[in-house]
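Enquirer: In this text, residue positions in the sequence shown follow this note's numbering: the first is 3, and each later residue adds one.
Certain hints may be false.
As the list claims (entries may be wrong) - Below, in silico cross-link-like pairs of lysine-lysine (DSBU-like), each with a Cα-Cα straight-line distance of 30 Å or less:
1. Lys-82 <-> Lys-92
2. Lys-37 <-> Lys-53
3. Lys-53 <-> Lys-39
What the hints assert, rightly or not - Restraint ranges, calculated between C-beta atoms of paired labels, are given here:
4. Glu-88 <-> Ile-54: 45 to 53 Å
5. Glu-70 <-> Glu-31: 57 to 65 Å
6. Glu-70 <-> Lys-37: 44 to 52 Å
7. Ser-85 <-> Phe-65: 28 to 36 Å
8. Ile-69 <-> Gln-44: 35 to 43 Å
9. Lys-82 <-> Gln-44: 55 to 63 Å
No lab work stands behind these hints: they were computed from the structure.
Every residue, glycine too, gets a C-beta built ideally from N, C-alpha and C.
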Amino acid sequence: MIQKLALKSADSSGGSLVVVLDFVRRIDEVESFVKTKMTMMQVHVDAMDKKIESEVGGLRREFSDKIEENAGEVNHRFEKLDSKSEMLEKKLGELGAVEFFSTEDLEKIFGDLMNVRGLIMETRK
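Full structure from sequences and hints, please.
Expert: Shown next, in the form of structure tokens:
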């Protein structure tokens, strides 16, 4: 496209064909240079992409290993917690089976203590 434009401008301005051919040659060189650089840049981009992909894959494996390692520890702790919970339920059941004082018994003991306190206060006077 640039060559056609250059040839048209040379014909209309009466410029020499040698100048136009030199101009076309230079444009071809620039196009070739750009293509070469683009190819080199694409190779570098591909290499970086592979390196990043490799690093990410390594990190994924490492992270998965740590998750699996910690999952075993978490499961172990849940098992310990479950056994302690069962033990606590058993102890609470045993505690509920024990007979405590009734309200009437506690009121009688409290009354007796108040009477004893009253007697102690009278003897101190």
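Enquirer: Now tell me, hint by hint, if it's right for this structure.
Expert: Here's how the hints hold up against the structure:
no., hint, result
1, Lys-82 <-> Lys-92, "holds (15 Å)"
2, Lys-37 <-> Lys-53, "holds (24 Å)"
3, Lys-53 <-> Lys-39, "holds (21 Å)"
4, Glu-88 <-> Ile-54: 45 to 53 Å, "holds (50 Å)"
5, Glu-70 <-> Glu-31: 57 to 65 Å, "holds (58 Å)"
6, Glu-70 <-> Lys-37: 44 to 52 Å, "holds (49 Å)"
7, Ser-85 <-> Phe-65: 28 to 36 Å, "holds (31 Å)"
8, Ile-69 <-> Gln-44: 35 to 43 Å, "holds (37 Å)"
9, Lys-82 <-> Gln-44: 55 to 63 Å, "holds (57 Å)"
Of the numbered hints stated above, none is contradicted by the structure.
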